[in-house]
Structure formats: C-alpha cells, structure tokens
Amino acid sequence: MSEPTPPVRQAAGARGAQADAARTNLLSGLRGVGELRHLGLFVALALLVAVGLVTRPDAFATASNLVSVLSLAATIGVITVGATFVIIGGGIDLSVGAVMALASVWATTLATQSYGPVVMAVCAVLVGTGAGLVNGLLIAYGRLVPFIATLAMLVAARGLAQRMSDRKTQLVQQPDNGAIVSLSTTRVLGIPLLVYVFALVVVLGWVVLNRTTFGRRTYAVGGNPEAARLAGIDVRRHTMLLYALSGLCCGIAAILIMARTTTGSSTHGDLYELDAIAAVIIGGTLLTGGRGTIMGSILGLLIFTLITNLFILNGLNTSDQLIAKGLIIVVAVLLQRRNLKERAP
Amino acid sequence: MSEPTPPVRQAAGARGAQADAARTNLLSGLRGVGELRHLGLFVALALLVAVGLVTRPDAFATASNLVSVLSLAATIGVITVGATFVIIGGGIDLSVGAVMALASVWATTLATQSYGPVVMAVCAVLVGTGAGLVNGLLIAYGRLVPFIATLAMLVAARGLAQRMSDRKTQLVQQPDNGAIVSLSTTRVLGIPLLVYVFALVVVLGWVVLNRTTFGRRTYAVGGNPEAARLAGIDVRRHTMLLYALSGLCCGIAAILIMARTTTGSSTHGDLYELDAIAAVIIGGTLLTGGRGTIMGSILGLLIFTLITNLFILNGLNTSDQLIAKGLIIVVAVLLQRRNLKERAP
Amino acid sequence: TSNEPAAAPSSAAPAPAPAASGNDQPGEKVVIGFSAPAADHGWIAAIAKNAEAAAKRYSDVEFKPVEPTNDINQQISAVESLIAAKVSALVILPNDGQQLNQVALQATQAGIPVVNLDRVFPDKLAYRTWIGGDNYGMGVAAGHFVGRKLKEKGVSDPVIVEIQGIATLPLTQDRSKGFADALKTYGFSVTAKQDAKFTVETGNQVATSLLQAHKKIDALWNHDDDQGVGVLAAIKEAGRNEFVMVGGAGSLNAMKEIQSGSSVLQATVTYSPTMASSAVRLARLIAQGKGMSDLVENQVPQSITLASETITKENVEKYLPLGFES
Amino acid sequence: MLVMRGIVKQFPGVRALDGVDLDVRAGEVHCLLGQNGAGKSTLIKVLAGVHQPDEGTITFNGAEARPGSPIDAIRLGFATIYQELDLVDGLSVAENIFLGHEHARLGFVDRAAGRRAAREVLERLGHPEIRPNAEVGRLPPAAKQVVSMARALSHDARLIIMDEPSAALAHDEVANLFRIIRELTAQGVAVVYISHRLEEIREIGDRVTVLKDGRTVAVGLPARDTPTSRVVSLMTGRDVEYVFPPRSSRPPGEEVLRVEGLSAPGAFSGVSFSVRAGEIVGLAGLVGSGRSEILEAVYGARRAAGRVLLGGRPVRRGVTHAVRSGMGLAPEERKAQALLLDQSVTANITLGSLPGFARFGWIDRGRERAEAARLADLLDIRPPDTERPVRTLSGGNQQKAVLARWLVGGRRLLLLDEPTRGVDVGARAELYAVIRDLADRGIAVLLVSSEVPEVLGLSDRVLVLREGTVIHEGDAAVLDEHRVLDMIMEGRAA
Ligand SMILES: Nc1ncnc2c1ncn2[C@@H]1O[C@H](COP(=O)(O)OP(=O)(O)OP(=O)(O)O)[C@@H](O)[C@H]1O
Ligand SMILES: Nc1ncnc2c1ncn2[C@@H]1O[C@H](COP(=O)(O)OP(=O)(O)OP(=O)(O)O)[C@@H](O)[C@H]1O
Ligand SMILES: O[C@@H]1[C@@H](O)[C@H](O)OC[C@H]1O
Ligand SMILES: [Mg+2]
Ligand SMILES: [Mg+2]
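Chains G, D, A and X supply the protein sequences, listed in that same order.
Just so you know, we're using the working numbering here: the first sequence kicks off at 1 and counts up by one.
Just so you know, we're using the working numbering here: the second sequence kicks off at 1 and counts up by one.
Just so you know, we're using the working numbering here: the third sequence kicks off at 1 and counts up by one.
Just so you know, we're using the working numbering here: the fourth sequence kicks off at 1 and counts up by one.
By construction, these hints were calculated from the structure, which means they are not laboratory data.
There may be inaccurate statements among the hints.
[What the hints assert, rightly or not] Have a look at the derived ranges for each label pair, beta carbon to beta carbon: (1) T109/G - R138/X: 32 to 42 Å; (2) R138/X - L327/D: 25 to 35 Å; (3) D364/X - L189/G: 45 to 55 Å; (4) T55/D - S303/A: 26 to 36 Å; (5) G239/A - T55/D: 44 to 54 Å; (6) T55/D - A111/G: 28 to 38 Å.
[Stated by the list, open to error] In silico lysine-lysine, DSSO-like type, Cα no more than 27 Å apart, as pairs: (7) K168/G - K236/A; (8) K168/G - K256/A; (9) K290/A - K313/A.
This structure is a prediction, so every number in the text was calculated from the model and none was measured.
The beta carbon of each residue, even a glycine, is placed where N, CA and C say it ideally should be.
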C-alpha cells in the first residue's frame, strides 16, 4: 500500500464503466417498478372510469360529476395527506375523524362564531393542531404506543365534541359567517374553492415530503429510528411534529366539512381513520414506515371515492355495494401487488 | 493467536462469572418487567374495582354484576384471543366483527335453523373459519397487505350478511334451537355456559401459544419472518393458518352472540376490530409482531369492559364516558409504559 | 324478523284504500329521487322498502334511489347527483336535517320540489313538504302509558329507566323530552338513561349493565324496537320481570311480544316507517301538481305529522299488519 | 461431495453470479474469498435455498440437488450461518437454536429438552455463560453470533456454510470457533467458510476458491501455501497488501476531545483520555469490555457520569448536540443502527448532514447527489450507482456507505466502531488511507476494532481496556500484538 491512490483510481475507472452499463439497466428497471406502482393505481382508476362511461354514459363523464367527486374527496383528502406523513414516519393516527369533529364543533360554538369566519377558521386549525400535539407529546415523550394514544384521543375528542355541542348539530350562522360556507358554494372556473384548498394541501405536502429536510427525516424516522437518532436527528421532536402536522390537516379538513355541511357536529368524520389509512396503504405506503408517497395516497383515495360515486350513479343497493367494494379493493391491490412483495411474509 | 485456547477458556470463565452477575441482574430485571407489565394492568383493574366499590357499593361487587361483566366480555374476548395470535404473528385482522356478523346471519337463516342447533353452531364455525382462510390466502399467497385484505373482507362480509338477512334481524327459533340461547341462560355454579366457553378458549389459546410448536413459530413469524423462513418454517402456510384461526374464533364468537341476543344480525360486532386490537395492544402485544401474551390481552379487554360497566352503574352519559375512557386508557398504559420503551421512537 | 315462518307479507306497506278522486290514475311521467341513511337496521330498511314498493305501484313513477350512506359528506354528493340528473321530485331522509339543509335548498332553488321525510330541515325554504313522526309525541305517549300504569299500581317514587337510540340525533332528544314532560304530570322523573345505537347488540350490552345498576325497576322505556330485541334478551337472561317495558317505533316483533301477554313488554309507541310510502305518494302528487283528494285544498299541505299511537295487548290486532320486520 | 457448476444468478440490473464453480470435499474447510460484492453471499444463498439460480447445476454426493427453499436445503443436510444475523429477537436462545425443528411431541414443545440440548450445544461452543432462557434481543452482537452458530450446529448437518462468522467476533472467540470447526471436519463434515481476514483463512482453511465479479477466478488453491499476494491479486486484480498508511510526521494539533472520569454502571468506570486534532486513538479490548459503550457515551447516545468536552467546551447531552458540535459516529451494527435500507445510497450518506445541503429546510438535491457520488467514488462503493436502495448492496459496500455518512465535511471528531467489519482487503486498505487522510486534515479520530493489528497499525495512540477500565495508554508504534493481547486478557501479565 505504498502508492495506493493511482491504481485504485484506475480500477475504479474501469469498474465505473462496467457499472455504468449496469446502472442504466437497473435504473430503467427501478423506474419501471416506480411507475408500475402508480401504474397499478392508474389502471384501477382507468377501469373504474371505463365502468362509469359504460354504465352511465350520460352522467359520469360530465364536468359536474367530476367536480362532485373532487368535492367529496377534499375533506378526507386533506386528512390523508397528514396521515401519509404519520405513517411514513412509522406511526399511525386513529384520531383524525374525531379531531376534525372536535375542531368543527369548537369553531361553530356561538362564542367563536361571534368573532367571524376568520377566527372560526383559525380556531379549527388551532384545535386540530393542539390535539395533534397532545398525541405527539404522549407518543414521543410519554412513550405511548401510537395506536393506543390516538385511540384514546379518538374516544376523548368525540366525547368532548359531544359535550361541547350538547350533542346537537351546530349551524354556521349565515349570512355573517357565510364566508366559510362559500368555500363550498363559490366556484372559480366551475370548481368550488374547497377543491383548490385540497389541491394546495396536496402540493404543499408533496413539496415538504420530497424536497425538504423535514420530509427526508420523516422517512428516516420511520425507516430506522435508531439510525435516525444516531445520525443526529431529534427523533422525538420529529415524531411529535408529525402528529401535530396530522392534527393541522384535521383542522383544515374541519373548515372544509363546515363549508360542505354548513355545520359543526360531533358526528363528523366517523370512521375517517379507516378510510384514510386504507387510502394511504393502497397507495403503497407501508404501515411499518419508511416508505410511501403522497401521490399514491391521493390515487388510493380517488379510487375509493370513485367507487362510491359509481355506486351512487348506478343506484346499487348498499349490500351489493359493500360486497363489490370489498372485491374491488382486492383487485386494485392485486394490480399493484408486486411492489408490496417485500412486505409479504 | 498461536495458542489461543487456554487463555480464552480462562477469559471466558472470568467473563462467565462477571456475566453471571449481570445475568442475575438481567433476569430479575426481566422478571420484574414481566410482572410489572401485568402488574400495571392489575393495578389499573384494581383501581377500577376500587372506584366501583366506592361509587356503587351495593351494585358493583355483587356476584351477579361480575358475572354480567364476564358475559359482556365473552364474545369479544373469544375474538381477542384470535386477534392476539394474528398480531403476534405480525399481522392484523380488521374483519373480525364483520365475519362474526356474517357467521351469525348464516347460522340463523331458516334453512340452517331447520337442521337444529348443532348444525347452526357448526355452520357458524365453518363460515368464520372459511372467511379467515380467505383472508389468509389473500395475505399469504396473494401477498396483499393484511390491513387491506381484511378491510376488504370487513366490507364484503358486512355486505354479504346484509344480503343474506335482507337487513333484518334473524331470531333464533325457540324452543327448537333454544339450545343455542341456553348457552346464555343456563348457569352452572351461577355462571352462564358462555363464560365457560370463553374461559376454555382462553386456556386453549394460552396452551397453543406457549406450549406448542405452532405457538413458538407464531412468535418467530411475527418477530422476524425472514429468519423464520431461513429456519425452514413455511411462513406462508403459517400466516394463512393464523388468519384461519382468527376466523375460527369469530365463528365461536358468533355462537355466543346468538346466545346472548337470541339473534343473528348483520349489525353484530360493529367496531369490534378496534376494541379487540386495542385490548391486545394495551395487553402489551406489539403491533409490529413477535411479542405478546394472551393474558395481557384478556386483562386489557376486562379493563375496557369494566370501564363501561362502571360508567353505566354510575349513570354517566356516553359523552362523559368517552372522555373518561380516553383518559383511563392513557393512564392504564402509562402505568405499564416502561415495557413499551423498546417500541417508542 | 325475516325468518319467522309466519312472517308477514313481503312489504310492510299496507294496501291503501283507493283514493276518492282518482289520484291513483296514471298521470304525467315523473322521476322521483330518493336518498336515505344506510339501511343498517330494520326501521331504515323498512323505509327504503316501503318507498320502493310505493313507487312500484305507479306506472307513471320512475324511482331513482341513490346509495344510502351514514356519511353526511356522501349523502350530500348523492343528492347533488340527483339534482344534476334533474329528477322531478326528491324524497330525502337526511342523516341530519341541519347538515343536509344546504343541499336541499339547492334542489329547491333548482326547481325540484323536496319532500322531507322524518328528520327535519331547519330551513322551510329547503323543502316543499315535510312528513314524519312525532318524536316528542312518542315520548309523551310512552310517558303517559308508564305514568298511568305506575299510578294504578300505586307506586310512589318509582325507578324509571330509559334506553335511548343514537344520542346525537335531535329526534332522540325530542323523544326524551316528551317522555320527561309527560312523566312530570304524574310527579315522576327518569332515574337513569343510557343510549344504545339502534342495534340489537348495543341494546343488549347497555341493558345488561343497566339491570345490574338497578336491582329493582318499575318501568323501562326503550326508544327503538330494533335494539329492543337485544334489550329483551338481556332482561330474560337476567330473569327480571318486575317492571313494565314500553317499546318504540312499532316493529312486528314487538307487537308479537305484546300480543303474547307474557312479556315485560306491554306496549310500544309507534313511529311508523309507512311514512316513506306516504312520502313517495306525496312527491308524485306534488310533481304532477295534484292535491290530496280527501282534503279540500288543491295542493299537498306543507307538513304532515303522524300521530304516535300506543299499541297494547288490547289493540295490537289492528296494528299487526302495519308492523315492520326489524 | 458438493459440486456446483456454472451457477448464474441475475438480480434486477446486476448479474451477481455469472457462472460460478465450486467443489467441496467431505471433511475440508473450503474458503470462499472475494471482494465486497463479488457474489459470495449470493452463492451460499443459492446453496441454502434462499435464491433460485437462473442457470447451473448442483450435485451433492453424486445426486442432483436443487434446494428450492430453506427447508429443502436443511433436509439435504446443509446448515447455514448467514452474514446478516437472522435471529428472532423476541424468542429465547434455546427457541432460536431449535426454531423450525423444535423438540416436540404431537406439536407440543418439550421445553426442558430444548433447554438441555441448547445448553449442550452452547457448551460445546465454549459459551456456557449464555443462558438458554435469555432473550436473544438483549444479547450483545457477539453472543448473537454464537447463537447463530449453535443453530447451525444443532442440525447435524453434513455441510455447514459460514458467511463471515468471525466479523462480529474478537480473536479469542474466533479461536473457539476454529476449535469447533476442527471438531466438525474431523467427523467428516464439510465447511464452507467466508471471511475477509486472510490470516484466518490461512489458519483454518484447506482449500480456497476465489470469486471476482460473480465469476470463479481460482479453484482449489491450497489455503496455507498460496502466497497472500497471489490471493489478493486474484481477488482484486491488483497488488495490495494488508498495509497501513504511514503515520503523519507532523505533531498532533490542539486537543479536540477531552473525556474526564466517564463512568456508566455495569459498563465502564473512570475513563479519562483525550484526542487531538490529526490524531487517531484506538481502543483495544475484549468483546464486552465496554468499548462501544464508551463511544456511545462520548456521543451522548448513552447516559454516563463524567465530562465530555469538545474543543474545550462541554457538550450538551444528546446526539443532536453532539452532531451539531461536529461529532460523527459510525456504529457497529450497520443494519440496526445506521442504515435506512429502503433509501438510496445518497439519502443514507447525507442523513447526518442534511442541514448542510439545505437552505430554509429546502434540500439542494444537485449538490447532495454530487457529494454522495464523490464519496461513493472515494470509497469505491459498488455498484457506483448512488440512487440504488442500500438494501441491494453487499454487506461490505453497505459498511462503506455508513462510513461515507461522516466523511461529508464539517466533522471535528469521528467515532468509528468496527469500521472495517465485513470490508474486503482491497477496500480496507482504501479505508485506512481515507481515515488517515482525514486525520491529516486535522480531524480527530477515535477508533474501536476487535482486530488488534488494525488498532495498532492505524492508530497513533492506543488505550487498552479491560472490564470497563483503561489499563494502558501508550504510543501505538511501540506496542505489538502480543503485548496487547496479554494486557487485555491479563492473567499472562506482561
Ligand atoms: N437482493 C438483491 N437484489 C439486488 N442485488 C443484489 C441482491 N443481493 C445481492 N445483490 C448484488 O449482488 C452482488 C453480490 O452480492 P453479495 O452479497 O453476494 O456479495 P458478497 O461477495 O457477499 O460481498 P460482501 O463481502 O460485501 O458480503 C452485489 O453487487 C450486490 O449488490
Ligand atoms: N455474553 C454476554 N452476556 C451478557 N452481557 C454481555 C455479554 N458480553 C458482553 N456483555 C455486556 O455488554 C457490555 C459491553 O458490550 P459491548 O459490546 O459494548 O462491548 P465492546 O467492548 O464494544 O465489545 P464489541 O466488540 O462487541 O463491540 C458489558 O456491559 C457487558 O457486561
Ligand atoms: O332510525 C330511527 C329509528 O330507528 C327510530 O326508531 O325512529 C326514527 C328513525 O330515524
Ligand atoms: Mg456477503
Ligand atoms: Mg462494540
């Protein structure tokens, strides 16, 4: 090892060339896989669209129906973005629906409503973020298992929402606070404002996840928390922030659900947790953390929403719908099964 | 390293002694932890009992109330045993409640009822096991993520149950098939038969998990599937069997719910999945698999059942119940938090 | 229950007496959209079936039901799709009247008359006609039955227990209020109440613990006969029979219990799903611009409240054909 | 006894095996040599039924054998110790050893028999102190390796395959391992042995097969007589020896790290030392002597009493502060403690210094990729595609990715725990040069290695640890391997 540098460099060069060829193969291979995953989801979506076109040529492909699908997806869509972060970060948040309900109730109490729509919106966001922060503190610093901590939050937030609202549905006072409702009724280019809010959240989520240190750390914390810790990441703080982020999304979703239903209610968002998690997983994010994409989650969600829409258009009865839904889920996932191979036992 | 053996022996001996000391510490530590875990749950249970004794001295500690609590816990308890296996094995089963509903409906169709109570019971068990087997096949061989496969089963089984029952509640025909109902009404030593069934399932579950190769392998498959495969275990087959076992438990639970409510219905078992999973996790089983005990799950479940019982005895309304339940869950888990350290980020 | 060998005719909708003025004669073709919560229990299932059966009777009606759902957000979408399909009239049983108010308003503004079934929209601009049961009245009927029975027995300071349906529904709160108000006239009040979720299993669970909480009960009102099956099973299992029980809604099963005379269930107060049949007929009439032939007016009235009747052993025969299968 | 011919195994984008031949005789120790990524592990996984070859034949005792799954391989009489420890953490030692072939009757486990048998095997391995009931997840790495070996021995196999079994062992443990191997071969069992430590090959091996880039380049070389230079050049295609770069002639600079009275109950006590800029300080000691713990304590990843000063200022407790103030730790268990297996090589390399690539949290991906590519090239990570998930790299190349993480600029102190574990000879020399180069540029290095020659060859100064206390501190140049061994084992005091 008297003069190591030159020969090594040389060898590296030679190997470099050989490996370059390999890399090209591999890359195309990998890209293929990457696309395939989303391809599977796209194929599933395309199939659903085809079914729609065939069964309801008149109603399905209309602009108004597509807008309606997007409006339907918006609320839970915003929540799904937060859920994607939490799940990639190795956690789970069962409290999303309940926290959204609590935020909607808090924002529509008479006291809050008296301050006008901006304060209502801010209130919803703060309540959501606050609840998320409590989840985060319990999990990151109190060392509770995420499943249990957020289950407790689910239960408690629903109870609190019921108490606050005296189990009644609280109307958004119009016209004073009509600005909230106008998110649903005002359209720009034919599309209700809340769809834009949804789109904005998705884009922001994508950017944060893919282009910032926060996003990168989320993958690290979920993929290997010990490695993340030893690499100098404050894993606890990060974990806490992930739940706060999820809560923030619930707060935004609360504004959207107030707009759509013109109410705050303790019953809002029932079982959203299951739907959101299902969308995230269908989208290819692993429940074990460390992997996943926002894009996949949103595609997964759109598949679910489209299924419902198709059922509505075709007037299927509930029981048959459920059976069909089960089958469709299985087929959609089988279409993208290859990517999940690693996970399977 | 010319003559390594003697000094090594010696050194090993020396370290052996040192390690022995460490071992004693470690062991007592471990035992302590093991006990502490259940201790935490016992403390939580004891606290609840104390609250019961103080608030309703007349009603709480009566034999009949305790029997009531056990009867209430029996149905979901049987399901929790199955869920413990699945979760230790690294999976999750969201379909438990729906599969129980389907089994109860199938067993109470007029056609089935005409063959008498034994056929009804067998039918329930077969339907449950069959649905579990489908889950298992999809997950082990179809490579679907457990969350998604069993979510699809949840949805489809509810739909099928609604279709079969035409969304009606199907009564168990008495007196012909009264034998089913007598599981709930016949008492031995003051305790209804279905509590014995519950106890039997718990004991059998414990034996299988702790004393058979199937049990050992369940821990291995959940803890490190790759290692299990390399050790020559047929991981797929084992995984499939775990879900079938969970389905079997749902079938047995269906018999119990028919006995208790005198009906089969597509609405039975709503949200059981969350309750069962929560009980398992509170009991110290990790959602990531590889660890856990039947005992813990059952204690966790009893805590839940007792909470509801206490609330109703004290006339608390459901909203306050929910809030208190959330808090109690957090406290119960904090009591045994230390054990979960490993999991925390 | 569907599997009673002696089960009643396939539709609980009773054959109507022919209308006096030939309103049943085929008229202008109309499309009636229908949206209701998910049919996850007997009463709602009966609503859906009655609506469909009522529509089938008319050759001039095209019936367009949409996916029943318990998610508000989805029901809004469902109604939106019916508006987009430009139906001639809408029958809506909202999951929550307040939350669906806005979309009903949209329909009305789009020129589609809305028949509001059961749960009320707060805004009268949102619907053309409301038809539904009298929830407060139901509570009152149950309260009077209980009050009278207990007075007869000469009980003072009775233990009265109430098992509600879904706590967050306004109709539940109305029922409880009516019950309490009626009891007050006898100087009684409710000792304990708990909500079950309209299902057999929750009814059973709640009743099991309530029976433990109160070793001696004088009267029990259960809001809903669907969950009542589970409540009754719990009562039998506990071997209790010291009290009077009153049901709610009027299921076939409850009526048979009452008829048997050996059950704690001695009465039920009606809240009949036949209202769905009537709602569809009203929607047809409104869409065709007709009035109700037994009334003097040329148009269908703005609201119709069904009376809550009390079914007891004495009059049960008369009600049996109206009982819905839970 | 075992004949493999023309084995080909293709992974997406990589031909890991490209026509490999292997002949193993009964009762011999057959060594498999090759650089990181040469295909050694893949070859033995083909043998173990983990991978199915795309081409080629395997015959065992004259009959065609094609293990389609690990179960098949075990039935054929092949037992394997894998490179990456594959144990079930939640199960006990005994349960791990007999996993898949438990002592059972009608499905019911005979736990006492299992424990007894486990104790026997462990004793045979010279480790009676490992208790059959202990939970495997709580054992240190070396003990886990022993359990892995015990599992392989428990099978009564006719062929035992060992993939770098010594990587997690210190030399005394290795001697133990060799004793067992000799016992086995005496009974006619064949052993396929993989290691990057050539001196081990010489000591235990009978014949050697050399792999290079997925091809066999030499078959059946005599292990003892083939000159090292020839083996190395076969492996690498060039002539490198086990040589350390020259120590710097400049005197070390300012004190960077100062540790005062560091103690952690049960691990180490009263440890004080310092490391200067440009200096490499090595920690020598037995497995379990507390070296890793000291590193972790300095890094703030483990609670300990005492003071840690960096550049004269106390460091706030916690890894985050340690990293911010310029430390970096390359931990000993790469898979568990360092790598994000599903992420790209780039993401793994930059994980410790993300803020350096970002502005207001926004990552400059171009700069990030360029830096990762530079380091991959410097350390010769193969294949040199930095967008590949780390999972698809061979063990040694994964190790290089771990080191690369802290070679990104801005470190003042590097803590290296077994930095060359599983790294091949050529790359090792390369790593040594890199480490020395870093030191020459003023970085302080604290090094732990279980290979005494490595500690001595690479360090400027050596601390010898025994049972958690420093028993010697001195210039590395004046120590030799024997003296160090004597010290760390005491009993034969110098
Ligand atoms: N599952 C896999 N997918 C893709 N490529 C793989 C996979 N496993 C191994 N490889 C590639 O195959 C080649 C051979 O790897 P292998 O692990 O056999 O090397 P090795 O000789 O054991 O090296 P080391 O000494 O570093 O352990 C490497 O280029 C590696 O990246
Ligand atoms: N076989 C064993 N059983 C139980 N405890 C052990 C065993 N070996 C080591 N330990 C404990 O582990 C601690 C030190 O282990 P550690 O692995 O950190 O030391 P090390 O010097 O870094 O060795 P290594 O070469 O493995 O890195 C000590 O507290 C020791 O008691
Ligand atoms: O669903 C409810 C039903 O169960 C109850 O009895 O009456 C009112 C309905 O809305
Ligand atoms: Mg290898
Ligand atoms: Mg170490």
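A quick look at each hint next to the structure:
1. In this structure the supplied range 32 to 42 Å is violated for T109/G paired with R138/X, their Cβ-Cβ distance being about 52 Å.
2. Distance hint check for R138/X and L327/D: the Cβ-Cβ separation is about 33 Å, which falls inside the suggested range of 25 to 35 Å.
3. Judged by the Cβ atoms, the range 45 to 55 Å given for D364/X and L189/G is violated: they are separated by roughly 35 Å.
4. Separated by about 46 Å at the C-beta atoms, T55/D and S303/A break the suggested range of 26 to 36 Å.
5. Between G239/A and T55/D the beta carbons are some 25 Å apart, a value that contradicts the proposed interval 44 to 54 Å.
6. For the pair T55/D and A111/G, the supplied restraint of 28 to 38 Å holds, since their beta-carbon distance comes to about 33 Å.
7. At roughly 34 Å between alpha-carbon atoms, K168/G and K236/A are farther apart than 27 Å, so this suggested pair is violated.
8. For the hint pairing K168/G with K256/A, the CA-to-CA distance comes to about 35 Å; that exceeds 27 Å, so the pair is violated.
9. Restraint check: the Cα-Cα separation between K290/A and K313/A comes to about 40 Å, which exceeds 27 Å; the hinted pair is violated.
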